[in-house]
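**Q** Following the hints, position chain B against chain A.
The listed protein sequences derive, respectively, from chains A and B.
Going by our numbering, the first sequence opens with residue 1, and the numbers climb by one from there.
Going by our numbering, the second sequence opens with residue 1, and the numbers climb by one from there.
Be a bit skeptical, because a hint or two may be false.
Unchecked claim - Distance condition first, Cα-Cα at most 27 Å in a straight line; then the derived BS3-like pairs of lysine-lysine:
1) 5(B) with 68(B)
2) 44(A) with 71(B)
3) 56(B) with 37(B)
4) 9(A) with 37(B)
5) 5(B) with 56(B)
6) 68(B) with 44(A)
7) 57(A) with 5(B)
8) 44(A) with 5(B)
9) 37(B) with 44(A)
10) 57(A) with 14(A)
11) 57(A) with 44(A)
12) 68(B) with 56(B)
13) 57(A) with 37(B)
Everything labelled a hint here was simulated from the structure, so no lab data went into it.
A quick note: this is a predicted structure, and the numbers were derived from the prediction, not measured.
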Amino acid sequence: NAGVTQTPKFRILKIGQSMTLQCAQDMNHNYMYWYRQDPGMGLKLIYYSVGAGITDKGEVPNGYNVSRSTTEDFPLRLELAAPSQTSVYFCASSYGTGGEQFFGPGTRLTVL
Amino acid sequence: DQQVKQNSPSLSVQEGRISILNCDYTNSMFDYFLWYKKYPAEGPTFLISISSIKDKNEDGRFTVFLNKSAKHLSLHIVPSQPGDSAVYFCAASYTGNQFYFGTGTSLTVIP
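The shape of chain A in the complex, shown without the other chains (with noise of 0.2 Å):
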């Protein structure tokens, strides 16, 4: 198992464009989140999802876009790309609620 990937690992990011972060997991789970983590701080919850079809709002959603329109893949999309939005982006997945979450290496975003 590959357990959940991320794709690209690094992306320079000129302000207005935009980008789709890639997140795919193979373990079946039905869980899905994204997180940002800005230095010398915790990740925040961005979105999440609950299963195909259906996402929802975390902590800090200005800005992004998601999708899940499969159990394996759950893209993170932003469209006018600002330099607060300047961070490493986590994917997650888990089996079910309040289970432990299984993270992606990241993708280390910058806006210039």
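**A** Coordinates of chain B only, in the frame set by chain A:
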């Protein structure tokens, strides 16, 4: 507003001694707590958890203690090993879906 706080950004411990990492929370609705370990350039990995119906949970060298009245939990690592050097995050939840993370404590175990 930081609902989960780790007030010690760093901790250094001699190999073989006990490491104690602390975490405080403000929301009394939290009922499930986890500790994650993170190495540089990797995602966090799950270490140990505790629900609010317990006050202690052990897994090998790792023990988590929960004091609900003080809204405080701690992670004890005994004995500490150099491979334990990492950043440790505590996280809390009351819905099971949304977890709130602390800012992390960087542990260095000195050989």
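**Q** If a hint holds in the structure, say so; if it doesn't, say that too.
**A** Here's how the hints hold up against the structure:
| no. | hint | verdict |
| --- | --- | --- |
| 1 | 5(B) with 68(B) | holds, 15 Å |
| 2 | 44(A) with 71(B) | holds, 20 Å |
| 3 | 56(B) with 37(B) | holds, 19 Å |
| 4 | 9(A) with 37(B) | holds, 20 Å |
| 5 | 5(B) with 56(B) | holds, 20 Å |
| 6 | 68(B) with 44(A) | holds, 23 Å |
| 7 | 57(A) with 5(B) | holds, 22 Å |
| 8 | 44(A) with 5(B) | holds, 13 Å |
| 9 | 37(B) with 44(A) | holds, 16 Å |
| 10 | 57(A) with 14(A) | holds, 25 Å |
| 11 | 57(A) with 44(A) | holds, 11 Å |
| 12 | 68(B) with 56(B) | holds, 11 Å |
| 13 | 57(A) with 37(B) | holds, 25 Å |
Every hint from the earlier list agrees with this structure, and none is contradicted.
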